[in-house]
Every structure is written in structure tokens, then in C-alpha cells.
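2 protein chains.
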Amino acid sequence: MPEKAPWITYRPELRVLDCTIRDGGLINNHQFPDEFVRAVYEACIGAGMDYMEVGYKNSARLFPKDEFGPWKHCDESDLQRVFHDCDPEKTGLKLTAMADAGKCEWKTQIVPCDQSPLDMIRVAFYAHQVYEAVEMIQYATELGYETSANLMAVSSISENEIDAVLNAIKKTPTQIMVIVDSFGHMYREQVDILYAKYFEVMHDAGKEIGIHANNNMQLAFANTIEAIILGANLADSTMGGIGRGAGNCPTELLLGFLRNPKFRLRPVVKLLQEYIEPLRKNLVWGPLLPYNITGQLNRHPRAAIKFLGSDKKQQYLDFFDEIVTDI
Amino acid sequence: MPEKAPWITYRPELRVLDCTIRDGGLINNHQFPDEFVRAVYEACIGAGMDYMEVGYKNSARLFPKDEFGPWKHCDESDLQRVFHDCDPEKTGLKLTAMADAGKCEWKTQIVPCDQSPLDMIRVAFYAHQVYEAVEMIQYATELGYETSANLMAVSSISENEIDAVLNAIKKTPTQIMVIVDSFGHMYREQVDILYAKYFEVMHDAGKEIGIHANNNMQLAFANTIEAIILGANLADSTMGGIGRGAGNCPTELLLGFLRNPKFRLRPVVKLLQEYIEPLRKNLVWGPLLPYNITGQLNRHPRAAIKFLGSDKKQQYLDFFDEIVTDI
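Just so you know, the protein sequences line up as chains H and W, in that order.
In terms of our numbering, the first sequence opens at residue 729 and continues consecutively.
In terms of our numbering, the second sequence opens at residue 729 and continues consecutively.
Pulled out of the complex, with its shape left as it was, chain H reads as follows (with noise of 0.2 Å):
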């Protein structure tokens, strides 16, 4: 086991991703302009943040560029026009992009790593797409990048259909395997089992763990703050807590509770009050009740993302009712 974490100290290894562009460009089909974009990446190295992930490497093809901003296709050209001058060993910020499984065109989006701003892959997948996503993640290392593994839905799934991809995942070159909460659904217990279960596979593989939580209970930070306490070591965040549906752990929480002095909160005060908080003016996030709802459920957030965009958004009862009839 890793040196658990005493309340008032840090560990320097302990690094936040910011996600704030890749989630938070699930409400608006990723279409942020790139001076949004650019403040986003200054209140990263501001606020002594290790990652930021800048979209998804998904396939225009799917995702149509009429439809779709350039985040969910993170075209090398696109990246190079607004992160032309990074530079992770001056600013201490690497870039990310993550990949889904089955909706990207990985051996042609995915270019050599020192031919490209990103630094790391990050490769999403379901249980039935691990096979796929042990590909994904052997190519992108071979070209140069780190990589982690984000299995989605994990409360969704059976122990069984977890332990094979822990296998599977363990013979592969990733550096992390993320515990990614993504209907909302975990309750600190839950944290604690899947914890120990992903550590136990990886630990001996040499990886580390992640944590990815959602916020439909209001327990993004505190799940985040729990896997962080029992050792993991790359915990994601996003400004103000956007991304789909309830959002994420917000960086302004999570900074809050982690004590390497490293980080400072002011950058992002100044970010939310400038760009993320205008935003809502025009999209919705947070634990709202039907996500409340969805996420005790343990159900994809898509039934509340429809009902709060509908005229009916107010009706809380008639989605209650649907939704549990619905069982």
C-alpha cells in the first residue's frame, strides 16, 4: 500500500488533471471559442495544475464538424494554433487528450507524440471495448505518449467484467487506470471496495490509480477526496465542476483540501468569475434533481439531461415518476 495520507501533509506525487474543456464541452458539442480555451490553459499553470485535457480525439466522422467544435476532434492543427508555445518542463502543465473506443479513429488521429502539443492519451472505454482500448493504449505508448486507462460505467458492470479488464488492462503499458464514476452513483464504500480492487491488479503491474467522480449526489469531491486518501495519485477536476449533466469535482473544492503549496486557488477564482460562471447564462450543470435522481438509480444521466432541456423542466414529479416506473 501507498503511505496513506495524514490530514494536514501532501504528497508530492499526487497530480490533478483539469477537464474542464473535455467534459464541460459535452453540453455545448465541445464549441468553445479558442480564447475561452487559452484562459482556461493560463488558470491551469496559474493554479499549478499537472494535466489539462483538452478534448477528445474522436472521429469527425461520427462527430460531424458542422455539429461539433474543434474539442472533440483535437486536429493537430487546432492544437498547435492555440497551444503553439507550451511548454510542460517551463510551465510544469502537460496536455492530454482522451480517445473513446469505438469512436475514434485512433491509428489516424493519433499522431507521433513529438509531432503534437499532448503529452498524454487518455483511452475511454466500456467493459465489452477493452480489447480495443489494449490496443489503443500499446499505439499510443509506441508513439511516444503516456496513457491511462478510463474504464466507464464501472457501477454498472459485474465484479467479473471488472476483474477481466483489470487483467487485461494490467499486461498493457498504461501508467494509471482511472476509477471512473460516471453515472454518479458511488457512495464512499463503493470507492473504498473499488479501490482496493483496482489497486490489487496494479499495484504489482507498477500503475497507478486515478479517480474520476461525478457529481450527481454532491459526492464528486468527497468520492475525490476518499480515493485521494487511500492513495491514489491523479484525481481529475473541472472549473466551477462543469461537464454533463450534474458536472464534476470542482478544482476550486479540490484545491481547497490539497495542502502542496504548489497549487493556488486565485487563478481559478479569477477564471470562474470571468468565463465559467457567464456561461451559465446559457447551459446547465450541477446536481440538479433528476440527476439526483439518475445517479441513486445508477442510471446514464441522458433521461435528465433530456427532461432539464425540455418545457417540463420544472415538473420534477412527473420525471420521478416516469423514471421509477421506468425500473
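It should be emphasised that the hints constitute simulated quantities derived from the structure, not laboratory data.
Each hint should be verified, as a subset may be incorrect.
Copies of one chain are not kept apart here, so a pair can be met inside one copy or by any two copies together.
[Said to hold, decoys possible] With a straight-line Cα cutoff of 30 Å, these simulated DSBU-like cross-link-like pairs (lysine-lysine) come out:
no.	residue 1	residue 2
1	Lys990	Lys1041
2	Lys998	Lys1040
3	Lys1040	Lys1009
On a predicted model such as this, the values are computed, not experimentally measured, just so you know.
Starting from the known structure of chain H, fit chain W onto it as the hints suggest.
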């Protein structure tokens, strides 16, 4: 130690206390119309709640009736008007009021229990007021009430002070000592430490532990379930999380966690739709950034409340700079 809660079962002795009117009243000077209070009452019965805290028994001299509504004082005439038909044996719902040490004329305001719809008096106090609290508990007990001892702002006092309070309270006839995180400053570890400390003294005295969490850091629900897992048998919550500043543990989340089939979510959802959400037109509560910051700093939320009531309420950076440099 009481039996710990395995994740998927329940403890029948775990009770939930609704403090929607009492704590929510702190943001509207307790000026809820009778119809609103009655709707909360009906929802509590429908949801299977064990207690409803209908307000404060606080002094009309300190809180004049031309400024504060009836639920700041809980005069017996107001209680009789709204709760004339209350019958805990039939409904399972007992009524409680909070009395603040130093703010309550308890010798006149608290009448014999058999002349009141109230079943319980919760005595709230700061550490330096513990000897008045002891007298209040004694007095209310003699009048026939259940009581609880709610030491406020526990995150801001020393271990020695906590020990002194616990040792004074253990000698009283109160049934419950409540862990109160007034500033919303506590992480799970602190809940664990305080629970163990309270339990060690109270268990031998035959008393139980309760939890009242504030939501400054989006941890009210997480900290409440943590205390429940440890063995706390009284959990406070409010509808929609309404309450002063960042608010409280939301009932809609707590009931989703509890496995006792007597709890039902639908009446809560109905109340949220019809009564609680409409309040947001005029009232603001929830874990907004200024409350995140006061919570992290272990400060009373009053500076954040003042800021959010001002014209500058979106100038987060001004608030941050002011409060951080003010330490």
C-alpha cells in the same frame, strides 16, 4: 460501539430530522406563511421523517416580531394554529424546536410538554455557553421534553474545550449530542475524529450521537452519511438543502441513501417542485464559491452572506482577495 452499517442494510433506530423551517428560516427571518409550513409538515409525514424542527424558541425582545416571523419564536399559539391536529403516534412525526443559549427566554418561552405540540427541545450553544445549556436541558427535561445538545461551531474550538463540553453534557439527562459543523469546514477525517470523541464520552452515559452538516464545500451529504456509517442515529436534513448560506444536507439525497423502506422520496420531490424551488426566485442558498472559501478557511459564513447580498456578488475575486488577506 454500535453495530456499523453494512452498505445495503439499515438500522431501524436511525432517525431523520427535518430542519427546513428552522434553518431555512435563517434566510427569510422565519417569515414562512402557515400554508408553507403545513406543506413541509405534510411532506415530512409522507416521507417518513421522524422529527420536524419547526423553528426557534428565541426571544421576541432580541428578535422583534415586526422583523421576524412566528417561527423565530414558536409561540404556543402559533404552534397550536398550524399543528393543532398533530399526532406523533399516528403520523410517526414528532415536532421539535431549537432554543439558543443566550437568545431564548427559556423559563417563560418553554411550556410543559403536555401543553405543547412540541415533543423535543434542541438546545444550541457555543462552548462558552455550556452551563446555560446544561440548565436549559435540565429545565426542558423536567417539563417532559426529549432534548438534544447541539454544540455549535465545533471546528473553531480546541480539544480541551470540546472535552469540557462533553463532560458537562454527559451528566445531563439529554438523549443526544449532535456534531454540528456550523461553518461547513469538516472533511470526513474530522467527522471520524469527532464522532469517536463524542461517542467515547456519550456512549457510557447512554446517549446517542447526531449529525448536522453544512454544505459549504458540497460535503454536507457526504459527512452525514459518514456519521451514519459510524453509528450516528439522528441525521439532520432540509428539503432542497435550504438553510443559511450554503445550506444543509438535502433530504432528497439522504433519503436516497437510506435503505429503511419507511422513507419515501416522492413526497419530497412534490414539495420541492411546489414549494421549495419557487423560493429561489427571491432567496439564495447553496454551495456557492464564497461559501466554499469561508468553509475552507473555517470562517463563519457571514462575510459571504453579506457579499452575496451586495451589488458586487459576481466579483468573486474581490471577495477572495478580501477574505484571504483578512486572515
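Here's how the hints hold up against the structure:
Taking CA atoms no more than 30 Å apart as the test, Lys990 paired with Lys1041 passes between copies only; the shortest distance there is 28 Å, against 42 Å inside one copy. Taking the shortest alpha-carbon separations for Lys998 and Lys1040, only the inter-copy value of 14 Å comes in at or below 30 Å, while the best intra-copy value is 35 Å. Taking the closest pair of Cα atoms, Lys1040 and Lys1009 come within 30 Å of each other both inside a single copy (19 Å) and across two copies (18 Å).
When held up to the earlier numbered hints, the structure conflicts with none and fits them all.
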